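K.L.:
One-letter residues, chain by chain:
2 protein chains.
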Amino acid sequence: MRFPKGFAGGATKAGLKASGKPDLGVVVSDRPCVAAGLFTKNKFSGSNIPFCRRALKEGGIRAVVMHAGQANACTGREGLEVARQTAIAVSGSVGCGYNEVIVGSTGVIGVLPKLNKIQNGIRAIAEKGLTPDGILAAGEAMMTTDTVPKTASARFRLGGKMVTMVGIAKGSGMIHPNMATMLSYVFTDARISKSALRMAFRDAVEGSFNCLSVDGDTSTSDMAVVLANGAAGNREVKPQGKDYTAFRKKLTEVCTDLSRKIARDGEGATKLVTVRVRRASTFDDARRVAKAVANSNLVKTAIFGRDPNWGRIACAVGYSGARFTPDNVMIRLGKTLIFAKGKSAEYNQGLMSKYLKDTDEVLLEISLGSGRAEAIVSTCDLSYDYVRINAEYTT
Amino acid sequence: MRFPKGFAGGATKAGLKASGKPDLGVVVSDRPCVAAGLFTKNKFSGSNIPFCRRALKEGGIRAVVMHAGQANACTGREGLEVARQTAIAVSGSVGCGYNEVIVGSTGVIGVLPKLNKIQNGIRAIAEKGLTPDGILAAGEAMMTTDTVPKTASARFRLGGKMVTMVGIAKGSGMIHPNMATMLSYVFTDARISKSALRMAFRDAVEGSFNCLSVDGDTSTSDMAVVLANGAAGNREVKPQGKDYTAFRKKLTEVCTDLSRKIARDGEGATKLVTVRVRRASTFDDARRVAKAVANSNLVKTAIFGRDPNWGRIACAVGYSGARFTPDNVMIRLGKTLIFAKGKSAEYNQGLMSKYLKDTDEVLLEISLGSGRAEAIVSTCDLSYDYVRINAEYTT
Chain A
51 MRFPKGFAGG ATKAGLKASG KPDLGVVVSD RPCVAAGLFT KNKFSGSNIP FCRRALKEGG
111 IRAVVMHAGQ ANACTGREGL EVARQTAIAV SGSVGCGYNE VIVGSTGVIG VLPKLNKIQN
171 GIRAIAEKGL TPDGILAAGE AMMTTDTVPK TASARFRLGG KMVTMVGIAK GSGMIHPNMA
231 TMLSYVFTDA RISKSALRMA FRDAVEGSFN CLSVDGDTST SDMAVVLANG AAGNREVKPQ
291 GKDYTAFRKK LTEVCTDLSR KIARDGEGAT KLVTVRVRRA STFDDARRVA KAVANSNLVK
351 TAIFGRDPNW GRIACAVGYS GARFTPDNVM IRLGKTLIFA KGKSAEYNQG LMSKYLKDTD
411 EVLLEISLGS GRAEAIVSTC DLSYDYVRIN AEYTT
Chain B
51 MRFPKGFAGG ATKAGLKASG KPDLGVVVSD RPCVAAGLFT KNKFSGSNIP FCRRALKEGG
111 IRAVVMHAGQ ANACTGREGL EVARQTAIAV SGSVGCGYNE VIVGSTGVIG VLPKLNKIQN
171 GIRAIAEKGL TPDGILAAGE AMMTTDTVPK TASARFRLGG KMVTMVGIAK GSGMIHPNMA
231 TMLSYVFTDA RISKSALRMA FRDAVEGSFN CLSVDGDTST SDMAVVLANG AAGNREVKPQ
291 GKDYTAFRKK LTEVCTDLSR KIARDGEGAT KLVTVRVRRA STFDDARRVA KAVANSNLVK
351 TAIFGRDPNW GRIACAVGYS GARFTPDNVM IRLGKTLIFA KGKSAEYNQG LMSKYLKDTD
411 EVLLEISLGS GRAEAIVSTC DLSYDYVRIN AEYTT
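Chains A and B, in that order, are what the protein sequence lines are.
Residue 51 is where the first sequence starts when you use our numbering, and the numbers rise one by one after that.
Residue 51 is where the second sequence starts when you use our numbering, and the numbers rise one by one after that.
Just to be clear, a hint being listed does not mean it is correct.
A pair holds if it fits inside one copy or across any two, identical chains being indistinguishable in the list.
[To be verified] Result set (DSSO-like, lysine-lysine): computed pairs, CA atoms no more than 27 Å apart in a straight line:
(1) Lys404 x Lys211
(2) Lys91 x Lys311
(3) Lys164 x Lys391
(4) Lys292 x Lys391
(5) Lys63 x Lys404
(6) Lys71 x Lys93
(7) Lys93 x Lys288
Keep in mind the hints are simulated off the structure, nothing from the lab.
Fair warning: this is a prediction, and the values are worked out from it, not measured in the lab.
Using the sequences and the accompanying hints, generate a full structural model.
P.N.:
So this is what it looks like as structure tokens:
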């Protein structure tokens with residue numbers, strides 16, 4: 051993987067995770083970045099969230115620090131202070147303002163992370179030295195119930211220069227749009243104006259992270275942040291024109307790639323499930339149907355059981371609240387029509403079970419027959435392991 | 051159990067269930083009943099639903115027939131004809147109009163029940179003869195993944211006479227308010243006007259069946275119907291006054307009892323979970339919070355794991371969409387305060403784990419500190435067995 055110019059990262063074992071695995075990471079830019087971020091809408095937001103919102107409002111960002119083990123959410127005044135002191139520790143080692151640092155936290159809700167462990171860890175990372183591929187190490191350090199790290203990248207010409215973009219993300223449970231329990235960071239050396247970056251990121255997130263669901267639970271600590279440091283030297287991307295379009299497209303691809311990887315690694319998942327809703331009256335209707343299907347425990351257990359149970363899909367479409375005429379609805383599993391005109395289509399059930407058994411990525415396509423809007427939601431199946439992981443994951 | 055005068059029922063093995071268990075039931079009143087019913091809001095409603103709506107609109111009801119195995123939902127024109135012919139078969143054996151029959155169906159969506167089996171079964175039930183306690187047999191015949199039949203009853207003085215009320219219900223999965231995959235019938239010999247019965251039933255259902263969730267999936271086939279045949283000879287209950295209040299209270303108790311039994315027998319459930327939300331600004335806000343918590347897979351798996359994980363409860367409260375000030379929220383597990391002022395309260399975690407281990411009925415109480423409204427939602431935990439049942443239950 052090629053890394054964006056001017057960014058470097060590192061990680062360490064700070065002793066926050068009971069497992070003793072790496073649990074603290076830092077990514078630093080050698081110059082101030084234009085940045086945009088979107089945060090959880092949960093009313094019990096993490097103690098680090100208001101801190102990050104303020105930092106993004108105030109100006110340029112130099113660094114991101116992420117720690118895993120304790121989410122630092124529902125931790126009261128002490129939690130706010132831990133977030134602030136974490137940023138101060140990074141600012142000391144980087145040599146920037148503490149309000150130029152984004153702090154990401156994930157783990158158990160309601161437990162205060164030990165500040166001195168974080169401070170010692172940040173020192174240890176600085177002493178070891180940061181490297182470009184340390185960005186990936188930072189991505190691994192923020193894993194919780196994730197089984198694999200999630201990364202995505204793009205490299206493309208923009209405004210006369212080669213531009214690089216690398217994204218890292220974590221998230222496996224408590225995953226639901228607006229946002230997921232998800233920390234997601236995209237680093238790019240593109241030069242872009244703040245308003246252009248914000249617009250492009252809002253668009254990219256709407257169609258990617260906000261179309262993602264593992265278990266329907268919107269976490270307290272979600273964030274998606276993009277940093278652009280301009281080191282590629284391209285002419286600055288403005289909020290319109292072909293540079294903007296090209297940048298937004300690549301940013302959307304990177305975010306979509308990350309969000310699909312999160313769904314694929316959903317807690318206990320054995321399949322990536324893509325729910326595509328077509329021919330809806332509006333995007334909202336399309337997404338409402340796609341989310342109802344993606345969030346249905348009955349649909350998800352049927353897929354885990356390799357059972358082409360379109361009745362459960364139709365049922366979820368029916369209670370989604372979207373507008374449509376039932377007789378116009380068509381449901382496809384993979385490329386095969388299995389439901390049309392209000393009842394079962396003629397299809398080979400054995401072949402469908404085999405499709406569910408063999409494919410790694412299940413495609414459910416629902417056509418509402420009432421318009422031209424479309425939405426795609428990524429999710430996963432619901433297995434014994436989901437229950438095991440969440441019944442045993444302890445407070 | 052005492053049965054309401056003038057009602058009798060019966061059941062048989064019609065061969066609709068693969069298991070060979072009883073799968074067809076009939077309950078008949080010896081005189082026309084005043085009736086009220088509430089049906090699923092799912093847009094893919096069962097083929098029997100429009101038939102029942104019409105029957106209730108037209109006038110008196112004499113009988114209810116219920117069959118299990120195939121839901122007769124998403125079965126097209128043939129499905130409508132099966133529902134109509136089922137009612138005709140009952141009308142023939144009872145000697146009433148076919149539009150005086152309520153038809154309830156439950157089972158796999160999208161599979162047409164075999165009409166000749168239903169017709170033969172209805173004949174067999176009539177030949178065997180109906181009895182008061184045959185009402186319970188009919189209740190057992192409609193079970194699908196239910197592990198126990200659900201009944202509730204009340205006996206009370208009303209307008210100078212003793213009145214009896216018996217309810218039967220089924221429902222275990224695809225259970226969510228508005229309505230649940232639930233068939234629920236209440237039979238009473240009270241004399242009551244149609245408008246009074248409708249008002250009382252709407253109220254009773256709102257606080258019982260519509261405050262019930264097993265898995266968040268609203269089925270295609272839900273119905274709750276009450277029949278009152280007047281055989282008790284009390285003075286007619288009108289839509290107000292103390293007779294009305296007494297009747298509504300008992301009807302609500304019977305419906306609440308049934309709905310709690312449905313939650314307790316939720317697919318794979320090891321615990322009944324009661325989520326009580328107090329001090330909300332409005333009933334809608336209270337119910338929104340209670341449902342968000344009751345529908346959270348993470349809360350439900352934590353309870354299955356006997357883990358007093360209040361972070362997941364707070365998280366669900368936070369994304370519910372209700373209005374409240376986070377610092378005012380208090381969460382109790384049983385009688386113990388575990389969360390207040392935005393963070394963990396001082397409590398003994400070992401005692402809480404023990405409470406979750408020992409109690410059969412878990413009480414979660416959430417005070418929003420913003421008003422005087424209250425709602426109670428019944429649900430259950432999420433276990434390995436939920437996944438097993440729904441991954442293996444086949445189309």
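K.L.:
Take the hints in turn and mark each one as holding or not.
P.N.:
Going through the hints against the structure:
no.: 1; hint: Lys404 x Lys211; verdict: neither (48 Å within a copy, 63 Å between copies)
no.: 2; hint: Lys91 x Lys311; verdict: within (22 Å within a copy, 35 Å between copies)
no.: 3; hint: Lys164 x Lys391; verdict: between (59 Å within a copy, 21 Å between copies)
no.: 4; hint: Lys292 x Lys391; verdict: neither (43 Å within a copy, 50 Å between copies)
no.: 5; hint: Lys63 x Lys404; verdict: neither (44 Å within a copy, 34 Å between copies)
no.: 6; hint: Lys71 x Lys93; verdict: neither (31 Å within a copy, 49 Å between copies)
no.: 7; hint: Lys93 x Lys288; verdict: neither (34 Å within a copy, 46 Å between copies)
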